[in-house]
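Colleague: Residues in the sequence shown are numbered from 31 upward in steps of one, following the working numbering.
It is possible that some hints are incorrect.
Said to hold, decoys possible - Below, computed lysine to any residue pairings styled on SDA-like, alpha-carbon distance capped at 20 Å: (1) K107 x H128; (2) K111 x K158; (3) K158 x Q195; (4) K36 x R177.
Honestly, the hints are just simulated from the structure, not real lab data.
None of the values given here were measured: they were computed from a predicted structure.
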Amino acid sequence: MELIYKQAEQMQQRAREIIEDTHVIAAWQSVGATINLVGSLKTGLLVNNHDIDFHIYTQPFKLEDSFRAIAILAENKRIIKIEYVNLLDAEDNCIEWHAWYKDQQEELWHIDMIHILTGSPWAGYFEKVAERISAVLTPETRDAILRIKYTVPAGEKVMGIQVYQAVLQGGARNYDDFQRWMEQQPGDQAIITWMP
Numbered sequence: 031m032e033l034i035y036k037q038a039e040q041m042q043q044r045a046r047e048i049i050e051d052t053h054v055i056a057a058w059q060s061v062g063a064t065i066n067l068v069g070s071l072k073t074g075l076l077v078n079n080h081d082i083d084f085h086i087y088t089q090p091f092k093l094e095d096s097f098r099a100i101a102i103l104a105e106n107k108r109i110i111k112i113e114y115v116n117l118l119d120a121e122d123n124c125i126e127w128h129a130w131y132k133d134q135q136e137e138l139w140h141i142d143m144i145h146i147l148t149g150s151p152w153a154g155y156f157e158k159v160a161e162r163i164s165a166v167l168t169p170e171t172r173d174a175i176l177r178i179k180y181t182v183p184a185g186e187k188v189m190g191i192q193v194y195q196a197v198l199q200g201g202a203r204n205y206d207d208f209q210r211w212m213e214q215q216p217g218d219q220a221i222i223t224w225m226p
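Please model the complete structure; the sequences and the hints are all you need to start from.
Modeller: This is the structure:
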């Protein structure tokens, strides 16, 4: 467990250094946005995925603000790719920005920036999920979550929320438990709406 904790600590430190280096928070704040860290880094459960997740809000929402913030982010030479997805007319009511950052070790980090309309059903939702997960974690469940995430084979896509639900609701304590729990779950879900 000590090795897993050490890796988690190193990954989270690297993620924070990337946030600092990219000035991503300042870039969005410069257009009047509120930018909230969500996901594994927010809950302290980042261990092996190179992912940093933000949810972003502006009032009023202006598409040009989104592009202005991303233009600032793109000035960083370590940002090697940016992808834009317009879901304003979909149920999500958001703009998705995905940026790829190559760190000093030549590893790629994925920065998700979801610019959400205040009327979206997801506005504030994942911030609340992160708060609830953090509130109910115990040393035992934190260990189980980090152990399972660390054990997921390279290249296998597992959503963090699936691990959290398996541990906190399903009682999983290792990767075998997690696999058994996953076999009992319904098929492909784009967004999982579970909250502890």
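Colleague: None of the hints should be skipped; say for each whether it holds.
Modeller: Okay, the hints, checked on the actual structure:
Annotation: proposed proximity of K107 to H128 holds, straight-line Cα distance about 16 Å (limit 20 Å). For the suggested pair K111 and K158, the alpha carbons sit about 30 Å apart, so the restraint of at most 20 Å is broken. As the CA atoms of K158 and Q195 are separated by approximately 15 Å, the hinted pair is consistent with the 20 Å bound. For the hint pairing K36 with R177, the CA-to-CA distance comes to about 12 Å; that is within 20 Å, so the pair holds.
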